[in-house]
Structures are given as structure tokens and as C-alpha cells.
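Trainee: Listed here are the chains, written in short residue letters.
2 protein chains.
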Amino acid sequence: MSASVSPLAPKHYPSMPGIQGVRIATAEAGIKYKGRTDVLLIVFDRPTAVAGVFTRSKCPSAAVDFCRASLEGGTARAVVVNSGNANAFTGKKGRESAKMTAAAAAKAVGAKPHSIFLASTGVIGEPLDAGKFSHLLADMVNNAVADRWPDAASAIMTTDTFPKLSTETVLLGGVPVTINGIAKGAGMIAPDMATMLSFVATDAPIAADVLQRLLSKSVGKSFNSVTVDSDTSTSDTLLLFATGSAAERGAEPVTKLKDKRLKPFAKALDRVLKDLALQVVRDGEGARKMLEISVTGATSSRSAKRIALSIANSPLVKTAAAGEDANWGRIVMAVGKAGEPADRDRLAISFGEIRVAREGERDPDYSEAATSAYMKNDEIKISVDIGLGKGKATVWTCDLTKEYVAINGDYRS
Amino acid sequence: MSASVSPLAPKHYPSMPGIQGVRIATAEAGIKYKGRTDVLLIVFDRPTAVAGVFTRSKCPSAAVDFCRASLEGGTARAVVVNSGNANAFTGKKGRESAKMTAAAAAKAVGAKPHSIFLASTGVIGEPLDAGKFSHLLADMVNNAVADRWPDAASAIMTTDTFPKLSTETVLLGGVPVTINGIAKGAGMIAPDMATMLSFVATDAPIAADVLQRLLSKSVGKSFNSVTVDSDTSTSDTLLLFATGSAAERGAEPVTKLKDKRLKPFAKALDRVLKDLALQVVRDGEGARKMLEISVTGATSSRSAKRIALSIANSPLVKTAAAGEDANWGRIVMAVGKAGEPADRDRLAISFGEIRVAREGERDPDYSEAATSAYMKNDEIKISVDIGLGKGKATVWTCDLTKEYVAINGDYRS
Numbered sequence: 111m112s113a114s115v116s117p118l119a120p121k122h123y124p125s126m127p128g129i130q131g132v133r134i135a136t137a138e139a140g141i142k143y144k145g146r147t148d149v150l151l152i153v154f155d156r157p158t159a160v161a162g163v164f165t166r167s168k169c170p171s172a173a174v175d176f177c178r179a180s181l182e183g184g185t186a187r188a189v190v191v192n193s194g195n196a197n198a199f200t201g202k203k204g205r206e207s208a209k210m211t212a213a214a215a216a217k218a219v220g221a222k223p224h225s226i227f228l229a230s231t232g233v234i235g236e237p238l239d240a241g242k243f244s245h246l247l248a249d250m251v252n253n254a255v256a257d258r259w260p261d262a263a264s265a266i267m268t269t270d271t272f273p274k275l276s277t278e279t280v281l282l283g284g285v286p287v288t289i290n291g292i293a294k295g296a297g298m299i300a301p302d303m304a305t306m307l308s309f310v311a312t313d314a315p316i317a318a319d320v321l322q323r324l325l326s327k328s329v330g331k332s333f334n335s336v337t338v339d340s341d342t343s344t345s346d347t348l349l350l351f352a353t354g355s356a357a358e359r360g361a362e363p364v365t366k367l368k369d370k371r372l373k374p375f376a377k378a379l380d381r382v383l384k385d386l387a388l389q390v391v392r393d394g395e396g397a398r399k400m401l402e403i404s405v406t407g408a409t410s411s412r413s414a415k416r417i418a419l420s421i422a423n424s425p426l427v428k429t430a431a432a433g434e435d436a437n438w439g440r441i442v443m444a445v446g447k448a449g450e451p452a453d454r455d456r457l458a459i460s461f462g463e464i465r466v467a468r469e470g471e472r473d474p475d476y477s478e479a480a481t482s483a484y485m486k487n488d489e490i491k492i493s494v495d496i497g498l499g500k501g502k503a504t505v506w507t508c509d510l511t512k513e514y515v516a517i518n519g520d521y522r523s
Numbered sequence: 111m112s113a114s115v116s117p118l119a120p121k122h123y124p125s126m127p128g129i130q131g132v133r134i135a136t137a138e139a140g141i142k143y144k145g146r147t148d149v150l151l152i153v154f155d156r157p158t159a160v161a162g163v164f165t166r167s168k169c170p171s172a173a174v175d176f177c178r179a180s181l182e183g184g185t186a187r188a189v190v191v192n193s194g195n196a197n198a199f200t201g202k203k204g205r206e207s208a209k210m211t212a213a214a215a216a217k218a219v220g221a222k223p224h225s226i227f228l229a230s231t232g233v234i235g236e237p238l239d240a241g242k243f244s245h246l247l248a249d250m251v252n253n254a255v256a257d258r259w260p261d262a263a264s265a266i267m268t269t270d271t272f273p274k275l276s277t278e279t280v281l282l283g284g285v286p287v288t289i290n291g292i293a294k295g296a297g298m299i300a301p302d303m304a305t306m307l308s309f310v311a312t313d314a315p316i317a318a319d320v321l322q323r324l325l326s327k328s329v330g331k332s333f334n335s336v337t338v339d340s341d342t343s344t345s346d347t348l349l350l351f352a353t354g355s356a357a358e359r360g361a362e363p364v365t366k367l368k369d370k371r372l373k374p375f376a377k378a379l380d381r382v383l384k385d386l387a388l389q390v391v392r393d394g395e396g397a398r399k400m401l402e403i404s405v406t407g408a409t410s411s412r413s414a415k416r417i418a419l420s421i422a423n424s425p426l427v428k429t430a431a432a433g434e435d436a437n438w439g440r441i442v443m444a445v446g447k448a449g450e451p452a453d454r455d456r457l458a459i460s461f462g463e464i465r466v467a468r469e470g471e472r473d474p475d476y477s478e479a480a481t482s483a484y485m486k487n488d489e490i491k492i493s494v495d496i497g498l499g500k501g502k503a504t505v506w507t508c509d510l511t512k513e514y515v516a517i518n519g520d521y522r523s
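So the sequences go chain by chain: C and R.
If you read the first sequence in the working numbering, its first letter stands for residue 111, the second for the next number, and so on.
If you read the second sequence in the working numbering, its first letter stands for residue 111, the second for the next number, and so on.
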């Protein structure tokens with residue numbers, strides 16, 4: 111955890127209402143960090159519908175493997191998260207550690223182990239001693255209360271400089287339902303999945319298969335459209351839980367994706383995930399500026415996204431942003447290296463409202479002074495029109511600063 | 111040009127013999143830099159066989175376009191290189207600038223424009239005023255002499271901290287022939303091509319088509335196996351010239367790739383290109399350490415190279431190296447994100463001779479102290495065995511330091 115909060119941190123934290131059927135407890139187990147919470151328990155009082163999206167790493171953590179197996183059951187009773195150790199690349203010991211944690215949580219809530227979901231974040235390759243916190247879980251279940259979302263967000267932080275929270279309340283067929291989400295992530299952030307960890311819960315009564323399809327779709331324009339350093343984590347886990355408690359207040363269960371009542375909910379879910387994803391970028395390790403990169407005119411949306419990510423992941427684009435240098439030549443470079451269809455002589459590039467290049471060369475009205483002034487903003491918008499088709503995509507990233515190097519040059523020690 | 115020379119610079123520069131049929135001149139044109147040479151002219155007294163490999167960027171520079179067209183002729187009479195301006199993304203003006211330079215050089219040597227080869231390196235997107243140096247070319251042709259290879263290497267530098275030179279002399283059917291090469295490149299270095307600029311010349315009598323096949327093969331294990339920052343330049347150009355002058359000393363012309371006399375020459379060419387490519391890495395912007403990354407046991411060589419590059423391009427691996435942190439968990443991450451076949455539980459990882467992980471977890475004999483001590487070396491070898499097949503590849507990169515960010519945060523200003 112860094113000493114100073116990112117200058118891009120939100121100015122206000124939202125007030126997080128409780129979600130009926132969700133209780134939260136945190137604990138200080140001293141897994142790695144001292145003097146702060148490092149264990150989070152989320153308890154669902156009744157079997158709760160669950161959906162998940164995970165890292166595409168070929169070397170996933172033991173917790174990710176465990177969650178994938180649990181997800182097949184489609185219902186959840188608890189989530190256990192620890193920070194300070196990723197339990198990744200820990201072999202048989204790692205699997206045993208995950209099993210031990212799930213068994214302790216299952217016993218505490220009176221459920222089967224595969225209704226438990228796990229997540230671990232921190233150093234890779236160090237064995238995780240589940241004995242350090244599994245004995246705490248029974249008490250945590252007893253002490254868990256509804257309104258502890260901010261504490262939950264804090265307990266899962268690693269190099270994060272601020273807790274990430276978002277909430278929306280919308281009507282589902284006339285009945286108010288709430289979506290609460292938390293996230294952590296500061297480095298090792300890239301599609302797919304660019305989240306590290308995020309947990310979202312709602313009281314809406316939505317069937318697990320519908321929930322999964324909503325989540326898979328929503329993630330494309332949120333967590334899968336942000337990158338900090340192009341490095342995909344072994345632990346990325348996004349879980350969405352629906353307790354269904356709003357049914358007690360008259361909300362009819364949603365069992366089909368086509369259900370028209372779902373539309374406002376789906377939009378609210380999009381907003382929550384995007385809000386959380388952008389908070390992750392705002393807390394990118396060492397970040398001083400947020401970059402929004404929009405590509406239009408590509409031959410397809412997929413192509414547009416690849417070009418946008420090529421720009422967003424370019425160290426030279428990111429260091430230029432850090433130096434407040436309107437070095438649009440590096441945007442040309444990043445478009446060129448993406449390997450996607452592009453015609454140099456049709457490219458147009460804008461920084462904010464300032465068009466710096468068009469038809470393959472510098473805009474005749476280009477003003478270095480105006481563009482340099484724009485680069486002093488905290489939030490920089492870069493637009494690239496490829497001029498070939500209708501494909502478009504937007505991604506978000508942050509600048510690459512000396513602080514990123516400092517944070518990651520001595521993270522373990 | 112940086113004030114201080116890279117700590118990884120070679121301790122000795124080779125003595126570069128002249129190549130019969132090659133004359134060199136440099137000039138100070140003040141294109142961007144002051145008080146240093148920034149124009150290089152290489153003159154071939156007779157039509158000379160030529161081969162080339164260029165950037166795969168979709169937005170290549172005007173000079174790259176020009177060279178590709180010239181290459182179709184298969185013979186060269188001169189090369190003109192300027193530093194300080196890449197003449198890339200300069201549209202019609204850029205094409206005219208290239209044409210004007212080639213016309214001036216062609217007139218000066220008494221040849222057709224498409225026997226001229228061009229290269230430009232520096233800032234992208236700024237119009238290049240060829241008038242600044244095209245009037246110098248006639249005098250340069252007159253003053254060009256054979257033994258100025260070190261001057262040639264200096265004139266093409268941008269953010270390089272030392273000139274890059276390499277030479278080999280071998281027997282071709284009993285007759286000594288020489289290969290001389292120079293290169294520049296410090297940032298915006300990634301396969302393919304990872305060179306920015308390199309010019310290699312030999313007096314061996316080798317036909318252009320044979321030369322091209324030798325070059326295309328040799329580049330795979332040299333310039334296309336190094337990366338500094340994963341950013342592919344718009345200007346990457348590697349040209350190989352064969353004057354054939356050794357024929358006067360009895361070397362029979364080589365017209366077939368299968369010619370057995372070619373073997374020692376091909377190996378010498380490999381050594382020259384690898385030497386130059388590694389010098390580019392040793393001069394990677396801000397580099398303090400060189401990393402050699404060897405992947406074995408992949409399902410194919412192609413897969414091995416992709417995994418190796420995923421490791422070599424990972425900001426988290428590179429910052430860990432900068433911090434002398436034996437953070438092998440990040441190697442696992444980078445293997446996992448490569449998208450290539452890998453089985454977490456078969457991975458083995460070594461730093462130098464120290465095996466840090468095997469069968470998907472930390473080696474039981476792992477010593478943090480020994481590994482940390484190893485990380486203090488200037489040159490770090492990282493070996494990863496995937497455990498699935500026989501594919502192998504080696505790539506080279508450098509660490510990612512605060513100096514890289516500093517150099518690239520204010521390069522234009």
C-alpha cells in the first residue's frame with residue numbers, strides 16, 4: 111500500500127447502502143501487511159445466484175481454479191478474500207491451502223465447500239498459509255453485518271492507494287434494487303481480465319445463467335477495456351452475486367435474458383463495472399494522468415479495440431503522457447505496430463478537441479502551444495480515426511511514470 | 111544523445127578495416143542536433159548487390175517506402191542517412207523530401223535515383239527539410255573515404271549513448287572477405303524489426319537474391335530476437351550490401367544459396383548481426399541490465415519465441431530486474447499471459463544457474479539470498495522450461511528504469 115493517494119482518485123466516495131442478504135466482515139490476519147485488514151468475508155444468508163469472469167492466464171492461481179469449479183454449481187454462500195499473497199504458482203500446497211480455506215468457511219456458514227468462492231491477491235509464488243486466517247472465519251460469520259462495504263474495499267487492497275466502490279439503485283419492474291461493487295487493482299492490469307479482483311452484489315432476483323450473460327457482456331466495455339501495464343494477472347476474478355432478496359419486496363424473478371424489466375438493471379450494471387474499472391486505472395501504479403483512447407473508422411470493432419490497446423499499452427505513448435509531451439508521432443507508431451488494417455495517409459489524430467494530424471500528416475492548423483497546454487490536464491483524450499470503416503472502440507489507461515518503476519522495482523521487499 | 115554512456119556498452123570498439131568498393135562521408139547539417147554529425151553518405155563505386163529487411167509497421171516512413179521500391183532493382187550506388195528527423199507520417203511533403211534527397215545523391219554519384227537507398231531516424235511527424243543537407247551530397251561523394259566506419263556509426267545516432275560497430279573477416283573459397291556493420295537504436299525497439307537502422311557491407315561477390323535469403327534468415331536470431339520497449343518503429347531498416355570487390359582477389363561469385371563456400375560467410379554474418387543487435391539492447395534507453403531470456407520445452411519454436419517475448423516485454427519483469435528483485439512470480443505471470451500452450455504445473459524457471467521453481471512451485475532448495483545476489487549482475491540469464499515439447503528460443507532485452515521514463519518523457523523538447 112502506497113503512502114500517498116493517487117492524484118486521480120475520485121473526490122468523493124459514494125455512500126454504500128446495504129444489500130439485503132449480504133453481510134460483510136473483515137479481519138487483520140497479518141498475512142503480509144501489518145496494522146491493516148487483509149481478510150474479507152462476504153456471507154450470503156441464503157443460496158445466492160452467482161456469475162464470474164476470470165483471468166485468461168494459462169497459469170491461474172489456486173483460488174481461480176477453485177472458483178471455476180464452484181461456479182459450476184451456480185450458487186454461493188460465502189466469499190473469502192485475502193490480500194498480501196496471491197496463492198499463485200504454489201502447486202499442491204496452494205490447492206491444499208484453498209481447500210482448507212473453503213472448508214473452514216463452509217463449516218462456518220453451514221454449506222458445502224463448493225458454495226464458497228475464493229480470491230487471493232499479492233505476491234506470486236510464495237506458499238499461502240491458510241492457517242493464518244481460516245480459524246478467524248467462524249467468528250467473522252457471526253460478526254458480519256450489511257453496511258461494511260467500504261471496509262470490504264479496504265481489506266482487499268495491495269498496492270492500491272484508495273478503496274474502490276460503486277453503487278447504483280434502479281427499478282426492476284417497479285421495485286427498487288441495488289447493485290454494490292468493490293474492486294482492487296493497481297498493477298498487473300490488462301485485458302483480459304483487467305480487474306485483478308472485483309466483487310459485485312445485488313438484491314435483484316436474477317437467475318444464474320442470465321446473470322452470467324449480463325456479466326460477460328458488460329465486462330467487454332469495462333474491465334476488458336482498461337489496461338495499466340499490459341501484464342495480465344494470474345488472479346483476475348470478477349464475481350457477481352444476486353441474492354434475490356428484492357423478491358420479498360415484490361420483484362418478480364428474472365429467468366430470461368430477454369425480460370424487458372432487465373434493461374435498466376443491465377445499464378446500471380454497466381455503469382457500476384465501468385466506474386470500478388476506471389477507478390482501477392485512476393489508481394494505476396504511479397499514475398498521474400488518465401488516458402481515454404478512442405479509435406473510430408477501423409475495419410471492425412475488434413480491429414478498433416486492438417489498435418486502441420496497442421496505443422494504450424505503448425511505453426512510448428505512456429511516457430510521453432507522463433512528460434506532458436503531445437508526441438502524436440508515437441500514436442502513429444502504435445497504430446502502425448498493431449498489425450491491423452490501417453492506411454497511413456488516411457489517419458487523423460486528435461488530442462482533446464485539437465486535431466493534430468489528418469490525411470497522413472500534421473494538421474496545417476497544428477499549434478504546439480495549444481496541444482502542449484492540453485497535455486497538462488489530468489485526463490487526456492486521444493482520438494484516432496483510421497478512415498477505413500465503421501469499427502470503433504474506447505479503452506482507458508494511465509501514464510507510465512518513474513513512480514511505476516519505483517513501485518515495481520521493490521514491491522516484494 | 112544522452113550525456114552518459116550506457117554502463118552496458120562494450121569495453122572495446124573493434125578496429126574496422128575498409129571494405130573495397132565502399133566509401134563513407136559524414137556531415138553536420140544541423141537538422142536537429144547541433145555540434146555533431148547528422149548526415150551519413152555511403153558510396154559504392156560500382157553497382158552493388160543489395161538486400162533489405164524493413165519494419166512491419168503499417169505506417170512506414172517515406173524512406174522505408176523509397177527503399178522498398180529501390181530494392182526491386184537489386185543494385186545500389188549510395189545510401190543517405192539522416193538523424194534527428196524520421197520523415198515518417200509527413201505525407202506528400204515526406205515523399206517529396208525523400209525524392210529530392212535521392213535525386214541529389216543520384217546526380218552526385220552519376221546513377222539513377224532508384225539505385226539510392228535512404229534512411230531517416232528521429233522525431234516522427236515533423237516535416238523533413240531535405241534542403242538542409244541535399245546540397246552537401248556532391249561534396250560528400252568527392253570526400254568519401256573507405257576507413258570511416260566509426261564516423262558512420264556516430265552520424266546515425268539519436269538517443270544512442272555509443273556508436274555500434276561490428277566486423278568479421280572470413281574465407282570465401284580461400285579468399286579473405288570482410289563484413290562490416292553499423293547500427294543505431296535505443297528505444298522504439300521491438301520485433302519485427304528490432305533495429306531501427308543498420309547498414310552492413312561486404313566485399314564478397316554474392317548475388318542479390320542469395321544475399322536477401324541470407325539476410326532474411328539471419329535476422330530471425332538477431333534483430334528480430336531483441337526488444338527494448340515492445341514499440342515497433344516506423345523506420346526500421348536493415349540493408350546488406352555486397353560490392354563483390356573480392357572477385358578481383360580471386361573470389362568466385364556466389365550465385366546459389368547452396369554454394370558450400372557460403373557457410374563460413376553465413377556464420378560470420380550471423381555473428382555480425384547478433385553482435386549489433388545485442389549492442390542495441392545494451393544501449394536500450396535507460397538500460398542498466400541486459401536480460402537473456404531462453405525458453406525451452408515449448409510446443410514449437412514459434413511458441414517458444416512468443417513466450418520469450420511475452421517475458422521480455424513485460425513491464426513488471428523489466429522493473430523487477432531494474433530493482434534487482436528475483437521476482438520469478440512475474441515470469442510465471444508473463445508465461446501465463448502469452449496465450450501459448452503452457453502447463454502451470456510443469457513450469458521450471460532458473461535465474462542463471464539457480465533453479466527457483468520447478469513443477470509449478472518454488473524449488474525446495476530456493477535461496478532468496480543467492481538469487482538476490484545473482485540479480486546484482488549486469489547480465490541476467492532467465493531460463494524457462496515449459497515442459498511440453500521441444501520448441502526453444504532465446505531473446506534479449508534490457509531492464510525498465512526510471513531513466514527510460516525520463517528519456518522518453520521529454521525526448522522532443
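Hints may be right or wrong, so weigh each one.
Which copy? The list can't say, so a pair holds if one copy fits it or any two copies do.
16 Å max Cα-Cα, derived EDC-like pairs, lysine to aspartate or glutamate [claimed, not checked]:
{"id": "1", "residue 1": "491", "residue 2": "434"}
{"id": "2", "residue 1": "203", "residue 2": "236"}
{"id": "3", "residue 1": "217", "residue 2": "478"}
What the hints contain is simulated information worked out from the structure, not anything from laboratory work.
Nothing here was measured: the structure is a model prediction, and the numbers come from that model.
Trainee: Take the hints in turn and mark each one as holding or not.
Mentor: Evaluated hints:
no.: 1; hint: 491 to 434; verdict: within (13 Å within a copy, 36 Å between copies)
no.: 2; hint: 203 to 236; verdict: within (10 Å within a copy, 57 Å between copies)
no.: 3; hint: 217 to 478; verdict: neither (65 Å within a copy, 37 Å between copies)
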